[in-house]
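Please build the complete structure, drawing on both the sequences and the hints.
Read left to right, the sequence shown gives residues -30 to -1, 1 to 329 (mature numbering (1 follows the signal peptide of the UniProt record, and there is no 0)).
It should be emphasised that the hints constitute simulated quantities derived from the structure, not laboratory data.
Each hint should be verified, as a subset may be incorrect.
To be verified - Cut-off 20 Å, straight-line C-alpha distance, at most; resulting in silico cross-link-like pairs (EDC-like, lysine to aspartate or glutamate):
1) K157 x D65
2) K100 x E76
3) K140 x E177
4) K100 x E177
5) K156 x E177
6) K148 x D65
7) K140 x D184
8) K182 x E76
9) K156 x E136
10) K148 x E177
11) K157 x E261
12) K156 x E76
13) K157 x E177
14) K69 x E177
15) K175 x E136
16) K69 x E261
17) K157 x D147
18) K100 x E136
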Amino acid sequence: MGRNYRRRVLTAAAIATAAICAIVPGTAGAATVQDLVNAINAGQTTVTKALADTGISSPTHSTIPTGQGPVMSSALVAVTYSMANAETAPQGANDWTCKPSAAHPEPVVLLHGSWMNAFDAFSYLSPQIKSAGFCVYALNYGEEGLIQGGGLGALIPGRNGVGPMEDSAKQLSAFVDKVLASTGAKKVNIVGHSQAGPVSDQYMKFEGGASKVDQLITFGATTHGTTLDGIATLGQRMSGYGIDALGISSVFVGQGLIEQVTGSPFYAKLNANGDTVPGVTYTTVATSNDEVSTPPSATFRTAVPGATVHNITLQDGCGIDWSDHLTMLYSPRAASIALHALDPAGHPNLVCQFNPWLL
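Rendered as structure tokens:
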């Protein structure tokens, strides 16, 4: 793992750094692509200094979106809207006057994935969970400056989830504590996409979150990592949505994305004692058309004693759902799975309805 993993990561970093130097002023004297690749091939590991030469920085942080955006039924439309409204909350989320009912005593925390934000991830699902009677909250996490390793995401509005996942887990911890204090609840349920899976795991295992989470429901989570090709595919998809992040041959990277490479040191520590914790119920949803969290089955979990796991493939029993990594968040079937997990009595049946790939 060691040499091959480091080389793959550093090669991606070299390509991304070259792209950064091409678009950011004030990078005179920065290393060229060939310089960086030569250093990698020679076994040197000092190429990351090129990132420090850009002169752009901001601390790793999170924000709590406000307002109420429109309900969306298309991933493409939601991403487009969020480019100009990156700090807008999805409808139904972040009502700090909400008090949980006896029927639904646990608030729901929505957690987006890499290069996403609360709105474009949950503009479809958030209002449905709110209408089902839950208090709903959403966070924009993992916002990081270029100099800290956030990649080109630091330059694009609303492309969050690029900071180190260890830091993102701390941001999630502070947010959950705020939700619990506001609602008076003892635990939350987390509904997350992609990177939200390992961020939630990091929170529960290393930030004291296990006692504060009843359920973790994930869609396309990178539970055991993915490949750099998968990360590049997501960047290409976002470019297709009008976000010119990659250019023709550049790879969009950030520390949080690099940590998601299969076999990374992050996962070696995270999953050393299993991928679940006692006392938590996991609903882990994959789509067979996932081109980012690959292979799709790598999202699935194995229960340790005291944990409960439900591994579900979106297309099982519903072949007309063509959802991929992004559009699964806009799948009626995926929404029904989340609602069933949160409230099986109120939502006993799963929906089977066509949902497109890409749109």
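Okay, the hints, checked on the actual structure:
1. K157 x D65: Roughly 17 Å separates the two Cα atoms, so the pair holds.
2. K100 x E76: holds (12 Å)
3. K140 x E177: Given pair K140, E177 holds - Cα atoms ~7 Å apart, limit 20 Å.
4. K100 x E177: violated (27 Å)
5. K156 x E177: holds (16 Å)
6. K148 x D65: Holds - the C-alpha atoms of D65 and K148 are around 12 Å apart, at most 20 Å.
7. K140 x D184: holds (18 Å)
8. K182 x E76: At roughly 10 Å apart (the allowed maximum being 20 Å), E76 and K182 satisfy the hint.
9. K156 x E136: Violated - the C-alpha atoms of E136 and K156 are around 24 Å apart, more than 20 Å.
10. K148 x E177: Measuring from Cα to Cα gives roughly 15 Å; hence the hint holds.
11. K157 x E261: Since the Cα atoms of K157 and E261 sit roughly 33 Å apart, the hinted pair is violated (cutoff 20 Å).
12. K156 x E76: holds (7 Å)
13. K157 x E177: Since the Cα atoms of K157 and E177 sit roughly 15 Å apart, the hinted pair holds (cutoff 20 Å).
14. K69 x E177: With a Cα-Cα distance of about 25 Å, the restraint between K69 and E177 is violated, given a limit of 20 Å.
15. K175 x E136: Since the Cα atoms of K175 and E136 sit roughly 11 Å apart, the hinted pair holds (cutoff 20 Å).
16. K69 x E261: violated (39 Å)
17. K157 x D147: With a Cα-Cα distance of about 10 Å, the restraint between K157 and D147 holds, given a limit of 20 Å.
18. K100 x E136: violated (29 Å)
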